[in-house]
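So the chains spell out like this:
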Amino acid sequence: MAKKSVWSDNRFWQRSAAWITGFASILLIWLTFDTIPQITMGTDADLKQGVTKRVPGPTVINYKITYEMNAKRMHEIPVIGGMNAEGTSAFEEKELFFGRDDWSEEEASELLHLGKLGSQAKNCMDCHTLLGNGAYYAPDLTKAWLDPAWGPEGSMQAITGKSTKEEAMAEFLQHPSNYPTHARMMPNLGITEKEAHGLVAFLKHMSSIDTNGFPRNFGKIQGAVHGK
Amino acid sequence: MFEPFVDVVPSFFGWLNQGPLTMTIFLHTFIVLPMFWIYKQEKARLESEA
Chain A
1 MAKKSVWSDN RFWQRSAAWI TGFASILLIW LTFDTIPQIT MGTDADLKQG VTKRVPGPTV
61 INYKITYEMN AKRMHEIPVI GGMNAEGTSA FEEKELFFGR DDWSEEEASE LLHLGKLGSQ
121 AKNCMDCHTL LGNGAYYAPD LTKAWLDPAW GPEGSMQAIT GKSTKEEAMA EFLQHPSNYP
181 THARMMPNLG ITEKEAHGLV AFLKHMSSID TNGFPRNFGK IQGAVHGK
Chain B
1 MFEPFVDVVP SFFGWLNQGP LTMTIFLHTF IVLPMFWIYK QEKARLESEA
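Heads up: the sequence lines are chains A and B, in that order.
The first sequence lines up with residues 1 to 228 when you count with this note's numbering.
The second sequence lines up with residues 1 to 50 when you count with this note's numbering.
Only chain A is shown next, with the shape it has when bound in the complex (with noise of 0.2 Å):
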C-alpha cells in the first residue's frame, strides 16, 4: 500500500483549519477591546488639564486648532490650542466659535449632536469621505476645517461675504449651489442655520481628531500645515 501523505490527510487540514479560526476569533475580541480606548472621546477636563487624547472633547471647538509636522510621528498631527516645546497640543489658545470661546461642555455636546444627526440625515457620505468612509466624488471632509480654503487668506470667506471661517462654512452649507466652487457642484439640500451651525461644530472637532496623518496628502495643500 502506498505511504499516505499528511498534506492529503483530512485530520491536518481539519486541526490547522480550527487553530486558526481559533486563533483569529481571539485577536479580533482583543482588538476590539484594544480599540475601546483609542476612540473614546475625552472629557473638557482633558483639555483643560492637557491631557491629549486620539478623540478629544467636544469643547475642543472653544480652541484654535491647527495642523503640525510631529518629527517623532513624521506625519502631521492636530494641535490644539497652539503647540508647546515637543510640537504637541499646548491647550493654550483659544478661537472664537460663533463669536464664543465658552461653550459648556453640554452646549458643545448638542451642537456636536445635531452636526452629526444633520451629517447621516442629510447624506454627506454619498458624495464626500468622512474619516475614511464614504465616497470620492466630493472633496474629503476629515480635515475640512483646517482647509485654507475656508481661512482669512483663501478664497471662501470672499466668496461668501463673511468674516469668519464658521459663518462662510454655515453660510455655504445653507446655499451651496449660490456658491458653484467646483464641476461637481454641491446640491442645496435645505440645510437650517441651526444645522448648519452643527455641521460646522461636527467638521470642527473631527478635524481635532488624531487619525495617524490621515488623509495623507492634507499637508501638501498650500497653506495647510506651517501657513506655507
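Source of the hints: derived by calculation from the structure; they are not laboratory data.
Quantities reported herein were computed from a predicted structural model and do not represent experimental measurements.
It is possible that some hints are incorrect.
Stated by the list, open to error - Pairs of lysine-lysine residues, derived as DSBU-like cross-links and limited to a Cα-Cα distance of at most 35 Å, are as follows:
#, chain 1, residue 1, chain 2, residue 2
1, B, LYS43, A, LYS4
2, A, LYS94, A, LYS122
3, B, LYS40, A, LYS3
4, B, LYS40, A, LYS4
5, B, LYS43, A, LYS3
6, A, LYS122, A, LYS162
Stated by the list, open to error - Quick look at which bits of chain B chain A covers, simulated, 3 or more residues with Cβ under 8 Å:
#, region
7, 8-21
8, 24-35
9, 40-50
Note that CB positions come from ideal geometry on N, CA and C, so glycine has one too.
Given the coordinates of chain A, assemble chain B onto it according to the supplied hints.
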C-alpha cells in the same frame, strides 16, 4: 531598531506595528508555527497506523 513609543494611546498592537511588516510577520509566525507541530503529530499518527 527600537524607537520610543510615540503613539497617542499606548497599546500592544500599536507597539507591535511600529516597523514595516512587524505585525504581519509576528502574526504569521504565531499562526504557522503551531501548524508545524500539528503536521508532525499527524505524520507520527499516520506512520503508527501504517
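To see whether the hints hold, each was checked on the structure:
no. : hint                : result
1   : B:LYS43 / A:LYS4    : 9 Å, holds
2   : A:LYS94 / A:LYS122  : 30 Å, holds
3   : B:LYS40 / A:LYS3    : 16 Å, holds
4   : B:LYS40 / A:LYS4    : 14 Å, holds
5   : B:LYS43 / A:LYS3    : 11 Å, holds
6   : A:LYS122 / A:LYS162 : 24 Å, holds
7   : 8-21                : holds (count 5)
8   : 24-35               : holds (count 5)
9   : 40-50               : holds (count 5)
Hint compliance for this structure: no hint is broken.
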